[in-house]
Amino acid sequence: MKLKKNLALSETGFVFDPSNGNSFATNPIGLSIVKMLKEGKDIELIKKNILNEYLTDANTLEKDIYDFINMLKKLQLNENETSND
Amino acid sequence: MKRKKITVAVTGLNAIDSPGPGVPVIRALKDSTYFDVRIIGLAYESMEPGIYMHDLVSKTYQIPLPSAGKASLLTRLKYIHAQEKIDVIIPNFDAELFNFITLADKLKKEFNIHTFMPSQAQFDERHKANLPEFGKKHGIKIPFSKMVFNVGEIPALKKEFSYPLVVKGKFYDASVAYTPEQAATYFNKIAAKWGLPIIIQEFVIGEELNVTAIGDGMGNTIGAVPMRKQYITDKGKAWSGISIDDEHLMKMTEQLFTSTKWKGGLELEIIKNAKGDYYLIEINPRFPAWVYLAVGCGQNHPEALVKMALGEKVKPYTKYDIGKMFIRYSFDMIVELKEFEKIATMGEL
Numbered sequence: 001m002k003l004k005k006n007l008a009l010s011e012t013g014f015v016f017d018p019s020n021g022n023s024f025a026t027n028p029i030g031l032s033i034v035k036m037l038k039e040g041k042d043i044e045l046i047k048k049n050i051l052n053e054y055l056t057d058a059n060t061l062e063k064d065i066y067d068f069i070n071m072l073k074k075l076q077l078n079e080n081e082t083s084n085d
Numbered sequence: 001m002k003r004k005k006i007t008v009a010v011t012g013l014n015a016i017d018s019p020g021p022g023v024p025v026i027r028a029l030k031d032s033t034y035f036d037v038r039i040i041g042l043a044y045e046s047m048e049p050g051i052y053m054h055d056l057v058s059k060t061y062q063i064p065l066p067s068a069g070k071a072s073l074l075t076r077l078k079y080i081h082a083q084e085k086i087d088v089i090i091p092n093f094d095a096e097l098f099n100f101i102t103l104a105d106k107l108k109k110e111f112n113i114h115t116f117m118p119s120q121a122q123f124d125e126r127h128k129a130n131l132p133e134f135g136k137k138h139g140i141k142i143p144f145s146k147m148v149f150n151v152g153e154i155p156a157l158k159k160e161f162s163y164p165l166v167v168k169g170k171f172y173d174a175s176v177a178y179t180p181e182q183a184a185t186y187f188n189k190i191a192a193k194w195g196l197p198i199i200i201q202e203f204v205i206g207e208e209l210n211v212t213a214i215g216d217g218m219g220n221t222i223g224a225v226p227m228r229k230q231y232i233t234d235k236g237k238a239w240s241g242i243s244i245d246d247e248h249l250m251k252m253t254e255q256l257f258t259s260t261k262w263k264g265g266l267e268l269e270i271i272k273n274a275k276g277d278y279y280l281i282e283i284n285p286r287f288p289a290w291v292y293l294a295v296g297c298g299q300n301h302p303e304a305l306v307k308m309a310l311g312e313k314v315k316p317y318t319k320y321d322i323g324k325m326f327i328r329y330s331f332d333m334i335v336e337l338k339e340f341e342k343i344a345t346m347g348e349l
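Top line first, the protein sequences correspond to chains W and Z. With the first letter of the first sequence counted as 1, position 59 gets the number 59 in this note's numbering; the numbers rise by one all the way through. With the first letter of the second sequence counted as 1, position 290 gets the number 290 in this note's numbering; the numbers rise by one all the way through.
Just chain Z, with the same shape it has in the complex (with noise of 0.2 Å):
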């Protein structure tokens, strides 16, 4: 069969000791049987591994912070898909996220660059933050949480909390305090990176399980694969992870796609306690830096996700191989100074 020539850009290019998803849904690409994929890179900073990986990535363009809001977003991607004609973006970061988000309608009606991303209702609903409530209306377990503004709100958690609790970062980061002063030096540690508010969070004993899995926008499990980490750096990241076999946890995972009618790729977090209860403690909408496992177990989620941006119909994964590991493993690239002088003054390499 001829594969369909197409360009994709993504981002999330960072993969270091906490990867982005970036170059494993990259690789997901490169392995389709149906797209010939030239692959774009969109980076932030110039020291992204996944910018020097020519064997993957054709070309990559810096493109601005998050924080730099929209209008620079788009302008930039314009300049892109001037010289690129990208045909579509997978953005990998939850910061990200937003601003994508944002122009998603604008990038198709005005450039034909297609996505596959949740709602912005979506997308806030499943916000740490607003985590309890989420469970609450689509029948999800959720370790009781709260969000905390100020770290003068901390002494008064006793009355709720007990200790050892969670500290959690809106978007990344969390730490587990056994003393209110724990957690106060947790709070500003993580409000100084990620800022406010900070979510407070029962912290649950069990054995964490993730889960990666895409959604149609309709409701229906496009595909799913459980995972359970194996090893797990100091970054609480997984190094090597196999896939399980729990009816329990695929049937959660239809139930919250068609619950909440999820469009696009999401990591399920999820902690089974010793009574064999499962515990939501968090939603990442967008796939996991061990998305690849899923394309060894026989699902390239992925390439599910560019077909359906695409417009494309997709038969839902119905199995996947269980007991399929991964191992992760760091590389030290070679790379030439006049490569690293191109990003760094250029933005382009």
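For reference, chain W alone in the conformation it holds in the complex (with noise of 0.2 Å):
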């Protein structure tokens, strides 16, 4: 998935969408995960960085991960869905 090129994000877990005004808060593990697919990182590597630095099995980062990914889609933080063209 790829987010949206201009998508501001800061240390803080605020991360603001500048072409709708939309803004949203996530905790530091969301904010990791955001930060790498604004990287362009794909979601296997995503995985592998989160296993090597949090305490969390695989099986359940699948499913949370999935679901956070899903969110931001609903939330149309990707490049695909709100294409204005």
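Hints may be right or wrong, so weigh each one.
[Unchecked claim] Capping the alpha-carbon separation at 27 Å, the derived lysine-lysine pairs in DSSO-like fashion look like this:
id, chain 1, residue 1, chain 2, residue 2
1, Z, Lys272, W, Lys2
2, Z, Lys272, W, Lys38
3, Z, Lys59, W, Lys4
4, W, Lys4, Z, Lys78
5, Z, Lys319, W, Lys38
6, Z, Lys275, W, Lys5
7, Z, Lys275, W, Lys4
8, W, Lys73, Z, Lys59
9, W, Lys2, Z, Lys251
10, W, Lys4, Z, Lys272
11, Z, Lys319, W, Lys5
12, Z, Lys229, W, Lys74
13, W, Lys73, Z, Lys229
14, W, Lys74, Z, Lys338
15, Z, Lys338, Z, Lys59
16, Z, Lys324, Z, Lys251
17, Z, Lys324, W, Lys2
18, W, Lys35, Z, Lys324
19, Z, Lys59, W, Lys5
20, W, Lys38, Z, Lys275
[To be verified] Sample of chain W residues at the chain Z side, in silico, Cβ under 7 Å:
id, residue
21, Gly13
22, Phe16
23, Pro18
24, Ser19
25, Asn20
[To be verified] With beta-carbon atoms standing in for the labels, derived distance ranges:
id, chain 1, residue 1, chain 2, residue 2, range
26, Z, Lys313, W, Gln76, 40 to 50 Å
27, W, Glu62, Z, Glu247, 30 to 40 Å
28, W, Ile43, Z, Glu181, 46 to 56 Å
29, W, Leu75, Z, Lys136, 34 to 44 Å
30, Z, Asp332, W, Lys48, 28 to 38 Å
31, Z, Ser119, W, Lys74, 44 to 54 Å
32, W, Phe16, Z, Arg27, 49 to 59 Å
33, W, Ile43, Z, Tyr34, 48 to 58 Å
34, W, Asp67, Z, Ala95, 44 to 54 Å
These are calculated hints, taken from the structure and not from any lab test. Glycine included, every Cβ here is placed at the ideal spot set by N, Cα and C.
The two chains are supplied separately, each in an independent frame; assemble them into the complex guided by the hints.
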């Protein structure tokens, strides 16, 4: 999934979508995932990095990360679904 | 730099729950680094809050209601000009624009009072009742609309519209009706307040976006700032909003100015549906009450308007800050009875 290029992220976990003015707050793990998505990393690499950094197991992560990504899509933070043209 | 001293008369001092643009326009002019502005308020009612904001408004004069006609307005403006030597007038209400547009040449020739407003043709063309034709002419999507002059026409609307639909007044007010009965109620309510015709408009589902902008009358966009409302009052007015980055909306605005050669300030009200289509639902022919957000974003539209009114060249703004918010607030001023007495009895304060 590609996130919008112009999405603004702050270290506090505040996410701002300048194309529609929406803003969201996420926790540190969410922020890490959003940052990696914005850098263009694929899901498998993101999962690997999260498993290295946090005390969690692969099954739990698998479920949580897809839930999180679906939420990002629902919030229209991905590039494809919000194209204006 | 020494700022140029000028006197500007401004209407729309009703900074209430459905606020007029006067006070934010004055704040913008007071922020000008080019002009040292003395403000003369023009008020219709003695309880318009701007009358009592003495840090912003030097003196206020009551003026006749638009329904009194242009002759009464001219007589009153002559008197005010004799006291105050007005350089520029900025009218801020849709309902008063007709009189001011009609008097613009006379004000300039006889009193050297400058204005910067759309022409009568531009003003009429963007009227809610004429919006579908306007859309066709300028290549902009407009929700299907129809003028209705009699409440008896409501039942037959189901042949052309599906419910819900929007019932709109010719100047202000709009309500979403879910049934013909509701449409008839809103028809009567709005017609009683603003007169006929009533405009029936297709209801477009999506998010509402707004643009405050100014054109030089030759097809150029001098400034434009798009905003999304974040908090809306029960009257549908923005209590807070945020400037956004929307390339399509900016292109649409520029196309509109190029095509219409609009002269002066305006506000565009647009609905963006889930497919990403943009529908223009209204053009307000003056600055909106949230115009001070543009100043906060780096574009002083009222200052640009005054410069152009005085015949000065203005370079178009090319950027604005994205993610700047405005949050409106209410404030209880303490007013001495003698002040209220003065404006209520003498028509001046």
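Outcome of the hint check:
no.	hint	result
1	Z/Lys272 with W/Lys2	22 Å, holds
2	Z/Lys272 with W/Lys38	25 Å, holds
3	Z/Lys59 with W/Lys4	51 Å, violated
4	W/Lys4 with Z/Lys78	57 Å, violated
5	Z/Lys319 with W/Lys38	25 Å, holds
6	Z/Lys275 with W/Lys5	20 Å, holds
7	Z/Lys275 with W/Lys4	17 Å, holds
8	W/Lys73 with Z/Lys59	55 Å, violated
9	W/Lys2 with Z/Lys251	25 Å, holds
10	W/Lys4 with Z/Lys272	18 Å, holds
11	Z/Lys319 with W/Lys5	19 Å, holds
12	Z/Lys229 with W/Lys74	20 Å, holds
13	W/Lys73 with Z/Lys229	22 Å, holds
14	W/Lys74 with Z/Lys338	58 Å, violated
15	Z/Lys338 with Z/Lys59	15 Å, holds
16	Z/Lys324 with Z/Lys251	21 Å, holds
17	Z/Lys324 with W/Lys2	26 Å, holds
18	W/Lys35 with Z/Lys324	23 Å, holds
19	Z/Lys59 with W/Lys5	50 Å, violated
20	W/Lys38 with Z/Lys275	24 Å, holds
21	Gly13	16 Å, violated
22	Phe16	6 Å, holds
23	Pro18	4 Å, holds
24	Ser19	6 Å, holds
25	Asn20	6 Å, holds
26	Z/Lys313 with W/Gln76: 40 to 50 Å	42 Å, holds
27	W/Glu62 with Z/Glu247: 30 to 40 Å	37 Å, holds
28	W/Ile43 with Z/Glu181: 46 to 56 Å	53 Å, holds
29	W/Leu75 with Z/Lys136: 34 to 44 Å	36 Å, holds
30	Z/Asp332 with W/Lys48: 28 to 38 Å	59 Å, violated
31	Z/Ser119 with W/Lys74: 44 to 54 Å	47 Å, holds
32	W/Phe16 with Z/Arg27: 49 to 59 Å	26 Å, violated
33	W/Ile43 with Z/Tyr34: 48 to 58 Å	54 Å, holds
34	W/Asp67 with Z/Ala95: 44 to 54 Å	53 Å, holds
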